[in-house]
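Asker: From just these sequences and the hints, can you work out the full model?
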Amino acid sequence: MLQWLLEWGPLGIALFIATENIGVPWPTALAYVATIELIDAGRLTWPQAVLLCIFGHMVGSMAGYYIGRAGDTALMRRVKRGQRMQRALDWIHHWYQRHGSLTVFAARNVGHVRPWASIAAGLGEIRPLQFFGWSLLGTVLHVGAALALTEASWWMWDAMPQWRTEMIVLATIGFWGVAIYALVRGRLNRRRCRKTTDDAA
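Using the working numbering, you'd call the opening residue of the sequence shown number 14 and step up by one each time.
Certain hints may be false.
Distance ranges between label pairs, derived from CB positions [stated by the list, open to error]:
| id | residue 1 | residue 2 | range |
| --- | --- | --- | --- |
| 1 | Val123 | Ser166 | 40 to 50 Å |
| 2 | Ala42 | Tyr79 | 38 to 48 Å |
| 3 | Arg205 | Arg56 | 48 to 58 Å |
| 4 | Pro174 | His107 | 39 to 49 Å |
| 5 | Leu64 | Ala42 | 12 to 22 Å |
| 6 | Leu201 | Asp53 | 20 to 30 Å |
Bear in mind the hints are in silico, worked out from the structure with no lab data behind them. Note that beta-carbon positions come from the ideal geometry of N, C-alpha and C, so glycine has one too.
Answerer: So, in structure tokens, the structure goes:
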């Protein structure tokens, strides 16, 4: 997949990021790795790379938002049945009640929520211009941090070959640690919600 991104270049990276933001489960980190490769090869400058990734994220997030705005379509009925979408809806509703528009900004920087948060926002919680503005701010922060982290990781990989095994182990622990934490927290939240509902009944 990385080779495909490198062959397609900027267009492939933009499409890859955009489709991930609609809910296609691509590993977005590959797009950032490919972007750094293109910078190193002289095919992109840093400003171009940042704008490219922001463009991909915003196209995908706005597409997801308007899928949600479309309402009761066959696609939305299918999407709503998914557990990820239901978790995103619960997350966005809970955060919107507490933090208002800042929810959109935060969602751009939460990996397991980001692909679904745009669709959830389009279901009626947030107005279009408001969504665009906060999404853009959150995306700028996310893209800047992701590219900087990818560049640093790539440099460490090349500069410290003797530590590659340890890097892989740490990355694996970090990835699965975050995934398990999100899963456990989600289950605990759902259990608390069910208990609250049962107590209210």
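Asker: Now, for every hint given, state plainly whether the structure supports it.
Answerer: Cross-check of the supplied hints:
1. Val123 with Ser166: 40 to 50 Å: violated (20 Å)
2. Ala42 with Tyr79: 38 to 48 Å: violated (27 Å)
3. Arg205 with Arg56: 48 to 58 Å: Taking Cβ atoms as reference, Arg205 and Arg56 lie about 50 Å apart, which means the hint holds.
4. Pro174 with His107: 39 to 49 Å: holds (45 Å)
5. Leu64 with Ala42: 12 to 22 Å: Given a distance of about 19 Å, which is inside 12 to 22 Å, the answer is holds.
6. Leu201 with Asp53: 20 to 30 Å: violated (43 Å)
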